[in-house]
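Protein chains: 2
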Amino acid sequence: MTSSRTPQPGPRLSDISEERLLREILPVLPSGPAVLLGPGDDTALVRARTGAVLATTDAMVRGRDWLDEWSTAEDVGRKLVAQNAADIAAMGGHTTALLVTLVADPQTPVAWARDMARGLGAAAAEAGVAVVGGDLSSAPAGTLMVSVTALGDADTAPVLRSGARVGDQVAVSGTLGWSAAGLLLLQRDSAESGPDQVTWHRRPRPAYDQGPAAAAHGATAMLDISDGLVRDAGRIASASGVAVELQGSLLRDDVDALTPVVGDDARACVLTGGEEHSLLACFPEGELPAGWRRIGDVRTGVGVRVDGAAVAGGGWDHFERPAESEEPPPLHQE
Amino acid sequence: MTSSRTPQPGPRLSDISEERLLREILPVLPSGPAVLLGPGDDTALVRARTGAVLATTDAMVRGRDWLDEWSTAEDVGRKLVAQNAADIAAMGGHTTALLVTLVADPQTPVAWARDMARGLGAAAAEAGVAVVGGDLSSAPAGTLMVSVTALGDADTAPVLRSGARVGDQVAVSGTLGWSAAGLLLLQRDSAESGPDQVTWHRRPRPAYDQGPAAAAHGATAMLDISDGLVRDAGRIASASGVAVELQGSLLRDDVDALTPVVGDDARACVLTGGEEHSLLACFPEGELPAGWRRIGDVRTGVGVRVDGAAVAGGGWDHFERPAESEEPPPLHQE
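Chains A and B, in that order, give the protein sequences.
Following the numbering used here, the residues of the first sequence are numbered contiguously, the last one being 336.
Following the numbering used here, the residues of the second sequence are numbered contiguously, the last one being 336.
In short, the hints are calculated from the structure, not lab data.
One or more hints might be untrue.
To be verified - To give a feel for the contact side, a few chain A residues facing chain B, derived at Cβ under 7 Å:
no., residue
1, Asp43
2, Leu47
3, Arg49
4, Ala50
5, Ala54
6, Leu56
7, Ala57
8, Asp60
9, Ala61
10, Ile90
11, Met93
12, Val105
13, Ser139
14, Gly144
15, Arg163
Claimed, not checked - In silico negatives: residues of chain B with every beta carbon more than 12 Å from chain A:
no., residue
16, Glu71
17, Asp117
18, Ala152
19, Arg167
20, Pro286
21, Gly288
22, Pro291
Every residue, glycine too, gets a C-beta built ideally from N, C-alpha and C.
Just chain A, with the same shape it has in the complex:
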């Protein structure tokens, strides 16, 4: 696909010095209680209260992970926080700090970089997360990429994908399929039919605290839904050596909520929609923590079934060429 830039007025990165750009960006990036040393030296120093640090990294590339027509710079900054902090939450942790790398065509508007930093800084501040470092580099014409690394603390042992046991309940915290529904609406040029879903696609706001809450409640396995419910449930099934059996009746409300918005695609959005960043976890029999609802059970076997029928999850591969086309699809679900 071709570049998706919407021309913006004003100065470009090539018009100002790196130092000046940093002077614009650094003030909008929050500090936080875990920061022992922030940006400006060779490295940052971040408290790791428990003597161990959770670490994950996730990048967004223009034309692959967002289109400028559909997502503002601020949206991109906010989504990067959500993607990375959801991974930390999915281990049962709290995110303490982020490092951010911007690799940009020198013709990128300064306003884009500033607005991305503003969105990222605002989402980080709302989550109590500091931005402690980063890197800037120029890139070939048309390329715009932001990479984030998140660090976090967990008070419990990390909740892996491999701990689910036969008899566990499968539960979700948060929405299902909203991001995919929002993307569908943008592709159909009818964002007004589902403003909440479009907003969730642009800037998901997972309930990060549900991760540590689930861990404290004894969750046996957990991840965040980045590639779709079925595909991600399949990861738990595979890592744990079990089958995940989802019940259509327990997903009925999720499908019904999206039907007015995307019609017959609602079921596919719920089952295979990615980038949702809601948490999916397994819990032993008994009461679920507040904010979690059961959608199925862990059984013997392999793979994921919905109402007893095996399903494939679809999902996105970053490099593989789709069978029908020479071009990669415009956006991926991760």
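Mind docking chain B on chain A? Use the hints.
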């Protein structure tokens, strides 16, 4: 500038699945003693022995940070480890773990990704560093970028840039100007005139242990030379509110060593050559640690002087357009 790809035979990233690519890459990436949980779950978990973690991030972009004509994929992987681990060393720390993000044109040869991972893995293993996570993404045609985040432990308080005191000695551990000399030789198409310098440019091997050793010896300020001796000494001067006075006579051996290799450019390489990743530190009066040599002193005042004369450091800005040209220079010194 235009793309600098050297055509390579064999399959491209678009020919194989992401899973298959990971199967090729993961086995060449080392684990290490600090790894409590490695790749494969939502995040890694890395020991932070002292209750705090050093964190830094540095990216390399093809055409900006390397040219395929001059650097192999393995060189790029090795250099990324050096750049990041030198930053950790410059705080007085040992690097424990790396996270690696590859953002690549789907037409990138699989062999390039595998060889980059092999170089990165080998350099990490030699330094006792684990690779614990990462991300893969496709990029617009012609773009190839690798971003690394390094985590580290320090047994001492981190050695900042701001602690230099009037009367301190200024000292360096390792070579000066070799990377710049190597780059000059590549630009002049005469790599055979200085194979050691060319190798240092392609895959610098800083003595990481000198960082913790300097910290234990009471270093008051430290950084690694990434943008050139004068420019980086200026950072210590500025952060510490002092002047750095370098002595030409103490740099004579460094200049003499490079004169047979790059002639009259030897002095400029020593004073302003970047990407060297040798450590520069200030120490109180007295004996220096083994492996360190004095090159000057900390004085009252501002900026950097060589034999009493103020000097400017030159150096690279990532986005600023050079005055004489519409095109960015082919490679930067960082």
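Against the structure, the hints:
no. : hint   : in the structure
1   : Asp43  : 5 Å, holds
2   : Leu47  : 5 Å, holds
3   : Arg49  : 5 Å, holds
4   : Ala50  : 3 Å, holds
5   : Ala54  : 5 Å, holds
6   : Leu56  : 4 Å, holds
7   : Ala57  : 5 Å, holds
8   : Asp60  : 5 Å, holds
9   : Ala61  : 5 Å, holds
10  : Ile90  : 6 Å, holds
11  : Met93  : 5 Å, holds
12  : Val105 : 6 Å, holds
13  : Ser139 : 5 Å, holds
14  : Gly144 : 5 Å, holds
15  : Arg163 : 6 Å, holds
16  : Glu71  : 16 Å, holds
17  : Asp117 : 17 Å, holds
18  : Ala152 : 8 Å, violated
19  : Arg167 : 17 Å, holds
20  : Pro286 : 20 Å, holds
21  : Gly288 : 24 Å, holds
22  : Pro291 : 19 Å, holds
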